[in-house]
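Under the UniProt record's numbering, the first residue of the sequence shown carries the number 1, and numbering increases by one thereafter.
Think of the hints as simulated: they come from the structure by calculation, not from any bench.
From the three backbone atoms N, C-alpha and C, an ideal C-beta is built for every residue, glycine too.
Take the hints with a grain of salt, since some may be wrong.
[Claimed, not checked] Below 25 Å or equal to it, Euclidean Cα-Cα: the simulated PhoX-like pairs (lysine-lysine) are:
#, residue 1, residue 2
1, K154, K108
2, K137, K108
3, K46, K16
4, K108, K145
5, K9, K42
6, K42, K16
7, K168, K145
8, K108, K42
9, K168, K137
10, K145, K9
[Unchecked claim] Across the chosen pairs, the derived CB separations fall in these ranges:
#, residue 1, residue 2, range
11, N93, H20, 21 to 31 Å
12, T95, N169, 25 to 35 Å
13, I36, N125, 31 to 41 Å
14, G27, N169, 34 to 44 Å
15, H24, R92, 26 to 36 Å
16, L49, G172, 24 to 34 Å
17, L47, V112, 23 to 33 Å
18, K42, G76, 13 to 23 Å
19, V112, G27, 22 to 32 Å
20, T4, Y82, 30 to 40 Å
21, Q45, S156, 19 to 29 Å
22, Y82, T23, 20 to 30 Å
23, K168, A72, 15 to 25 Å
24, N125, D55, 23 to 33 Å
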Amino acid sequence: MSSTELMQKIAAAEGKIALHHLTHQGGLIPEGWETIHALGPKLFQKLPLRVYRPDGASLGDIASAARASARAEGLGLLVVDYVQLVETEQSRNTTREQAVATVSRGLKNLSVQLGCHVIALSQLNDDGLMRESQAIKNDASVAIKVERPDAQDKESPRAGEVDLVIEKNRFGPTACVTVASQLHYSRFVDMART
1 MSSTELMQKI AAAEGKIALH HLTHQGGLIP EGWETIHALG PKLFQKLPLR VYRPDGASLG
61 DIASAARASA RAEGLGLLVV DYVQLVETEQ SRNTTREQAV ATVSRGLKNL SVQLGCHVIA
121 LSQLNDDGLM RESQAIKNDA SVAIKVERPD AQDKESPRAG EVDLVIEKNR FGPTACVTVA
181 SQLHYSRFVD MART
């Protein structure tokens, strides 16, 4: 996502504005513009968010940007979207699985060095396993899989529900937490709030 697309998603989620109204010219009604103007000073000026989106970022590029951010204003959270897109130097004898495992270990080490949390998003295979490397789950302190029961079955009695399956948790129990999807606002919310 570009920084503009990311900001649109944040505005949709925080302002409860339908995302498609923000992404199409002429889609916002006057009340939507009022919400955006109210969000501006409250959210975007205070939100400590830096988007780093180079083409073909390597682990070294990510580490450099994270260290610079940590020095400049501190870094509490680093989000990598997504692990399999991080470029690696591969020799002929290096498999894709080994390359992804190298990125996973590198992000874990970076988290320790900078004293920040790292959220590393990953695609899944059709069988629900981490694509190209199980090392991602092995290195993670917490592994959460997002499942949408209605994605395959449009007539599902669980339409609009999303399961956050905590498959691994070094700090507590594993569980399945069901939340409501409000994808038109680009967010999930607690079922009790819906």
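To see whether the hints hold, each was checked on the structure:
{"no.": "1", "hint": "K154 to K108", "result": "38 Å, violated"}
{"no.": "2", "hint": "K137 to K108", "result": "11 Å, holds"}
{"no.": "3", "hint": "K46 to K16", "result": "19 Å, holds"}
{"no.": "4", "hint": "K108 to K145", "result": "19 Å, holds"}
{"no.": "5", "hint": "K9 to K42", "result": "16 Å, holds"}
{"no.": "6", "hint": "K42 to K16", "result": "15 Å, holds"}
{"no.": "7", "hint": "K168 to K145", "result": "10 Å, holds"}
{"no.": "8", "hint": "K108 to K42", "result": "33 Å, violated"}
{"no.": "9", "hint": "K168 to K137", "result": "8 Å, holds"}
{"no.": "10", "hint": "K145 to K9", "result": "21 Å, holds"}
{"no.": "11", "hint": "N93 to H20: 21 to 31 Å", "result": "47 Å, violated"}
{"no.": "12", "hint": "T95 to N169: 25 to 35 Å", "result": "29 Å, holds"}
{"no.": "13", "hint": "I36 to N125: 31 to 41 Å", "result": "39 Å, holds"}
{"no.": "14", "hint": "G27 to N169: 34 to 44 Å", "result": "40 Å, holds"}
{"no.": "15", "hint": "H24 to R92: 26 to 36 Å", "result": "47 Å, violated"}
{"no.": "16", "hint": "L49 to G172: 24 to 34 Å", "result": "28 Å, holds"}
{"no.": "17", "hint": "L47 to V112: 23 to 33 Å", "result": "26 Å, holds"}
{"no.": "18", "hint": "K42 to G76: 13 to 23 Å", "result": "20 Å, holds"}
{"no.": "19", "hint": "V112 to G27: 22 to 32 Å", "result": "44 Å, violated"}
{"no.": "20", "hint": "T4 to Y82: 30 to 40 Å", "result": "19 Å, violated"}
{"no.": "21", "hint": "Q45 to S156: 19 to 29 Å", "result": "41 Å, violated"}
{"no.": "22", "hint": "Y82 to T23: 20 to 30 Å", "result": "21 Å, holds"}
{"no.": "23", "hint": "K168 to A72: 15 to 25 Å", "result": "33 Å, violated"}
{"no.": "24", "hint": "N125 to D55: 23 to 33 Å", "result": "26 Å, holds"}
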